[in-house]
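Visitor: Could you put together the complete structure from these sequences and hints?
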Amino acid sequence: EAGVAQSPRYKIIEKRQSVAFWCNPISGHATLYWYQQILGQGPKLLIQFQNNGVVDDSQLPKDRFSAERLKGVDSTLKIQPAKLEDSAVYLCASSLDQGLVVGEQFFGPGTRLTVL
Amino acid sequence: AQKITQTQPGMFVQEKEAVTLDCTYDTSDPSYGLFWYKQPSSGEMIFLIYQGSYDQQNATEGRYSLNFQKARKSANLVISASQLGDSAMYFCAMSTGKLIFGQGTTLQVKP
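These protein sequences, in sequence, are chains U and A. Under our numbering, think of the first position of the first sequence as 1, with each following residue one higher. Under our numbering, think of the first position of the second sequence as 1, with each following residue one higher.
Hints listed in this document are in silico derivations from the structure and should not be mistaken for laboratory results. Careful: at least some of the hints might be erroneous.
List time: in silico BS3-like cross-link candidates among lysine-lysine, alpha-carbon distance up to 30 Å [claimed, not checked]:
#, chain 1, residue 1, chain 2, residue 2
1, U, K78, A, K98
2, U, K44, A, K70
3, A, K73, U, K44
4, U, K83, A, K98
5, A, K98, U, K11
6, A, K98, A, K16
7, A, K3, U, K44
8, U, K78, A, K3
Here are a few chain U residues that face chain A, going by a calculated C-beta distance under 7 Å [what the hints assert, rightly or not]:
#, residue
9, G42
10, P43
11, L45
12, D56
13, E104
14, P109
15, G110
Keep in mind it's a predicted model, so treat the numbers as computed, not measured. Beta carbons: idealized from backbone N, C-alpha and C, even for Gly.
Guide: In structure tokens form, the structure reads like this:
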């Protein structure tokens, strides 16, 4: 079974530029998550999709971050314009169910973003 | 408010010995799940073990066991017979609808 795919693996941009990350979840997984992991901290949920609908985006900085999940499969996370504090690893995860009490989330390798 | 606390920023253990990584949590929700993930230097998050709040027995997965003490709201991870490949960052997480992670503990296994 193929895992969660993410691209690119690394990205370096200057502040005020825009950037986009792509995620392909495990086939058949209805729920998709985007996390931000700042160096030395645990991942923080940015947005959760159930199929192609948003379940939780309460911690997404909507003035600069946007995300979509086309046809309930692949997802794209965009930052525009980027700030220095956006430097982090962006992790995508997927799960079969809504990841409530039970439901293991499978993580992709992450995209390491550096904003200069 | 939901909260996960890992108070050990870093731990050392000798190869082949056991080690306990601490995790405490806070929630008023009676139904929740507790997870441990391993994050090697390569960056991927690897699921290790899960404990449901209604599970009577402590979860075990190979060399990993979760010491679940509900009254104390603790969910410590025990790794038996440590191996060099266990050196990594370990995260405790809680789910009551969304996954909340602790700050992590860096484990270094010494030969």
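Visitor: Each hint: holds or not?
Guide: Do the hints match the structure? See the list:
1. The straight-line distance between the Cα atoms of K78 (chain U) and K98 (chain A) is roughly 22 Å, inside the 30 Å bound, and the hint therefore holds.
2. Our distance criterion of 30 Å between C-alpha atoms is met by K44 (chain U) and K70 (chain A), whose separation comes to about 25 Å.
3. At roughly 22 Å between alpha-carbon atoms, K73 (chain A) and K44 (chain U) fall within 30 Å of each other, so this suggested pair holds.
4. For the suggested pair K83 (chain U) and K98 (chain A), the alpha carbons sit about 26 Å apart, so the restraint of at most 30 Å is met.
5. Taken as a hint, the K98 (chain A) and K11 (chain U) pair is honoured in the structure, with Cα atoms around 28 Å apart against an allowance of 30 Å.
6. Pair hint K98 (chain A) plus K16 (chain A) does not hold up; C-alpha atoms about 35 Å apart against a cutoff of 30 Å.
7. Taken as a hint, the K3 (chain A) and K44 (chain U) pair is honoured in the structure, with Cα atoms around 12 Å apart against an allowance of 30 Å.
8. Distance restraint check for K78 (chain U) and K3 (chain A): the Cα-Cα separation of roughly 28 Å lies within the 30 Å cut-off, and the hinted pair is therefore satisfied.
9. About 3 Å separates the beta-carbon of G42 (chain U) from the nearest beta-carbon of chain A, less than 7 Å, and the hint is met.
10. Look at P43 (chain U): its Cβ gets to within about 5 Å of chain A, closer than 7 Å, so that hint holds up.
11. Given the 7 Å rule on beta carbons, the hint for L45 (chain U) holds: about 5 Å separates it from the nearest Cβ of chain A.
12. For D56 (chain U), the interface hint holds, the least distance from its beta-carbon to any beta-carbon of chain A being 6 Å, beneath 7 Å.
13. Hint on E104 (chain U) holds. Least Cβ distance to chain A is approximately 5 Å, under the 7 Å limit.
14. For P109 (chain U), the shortest C-beta to C-beta distance to chain A is roughly 5 Å, which falls under 7 Å, so the interface hint holds.
15. With a least beta-carbon distance of about 5 Å to chain A, the hint placing G110 (chain U) at the interface is held under the 7 Å criterion.
Checked against the numbered hints given earlier, the structure breaks only hint 6 and satisfies all the rest.
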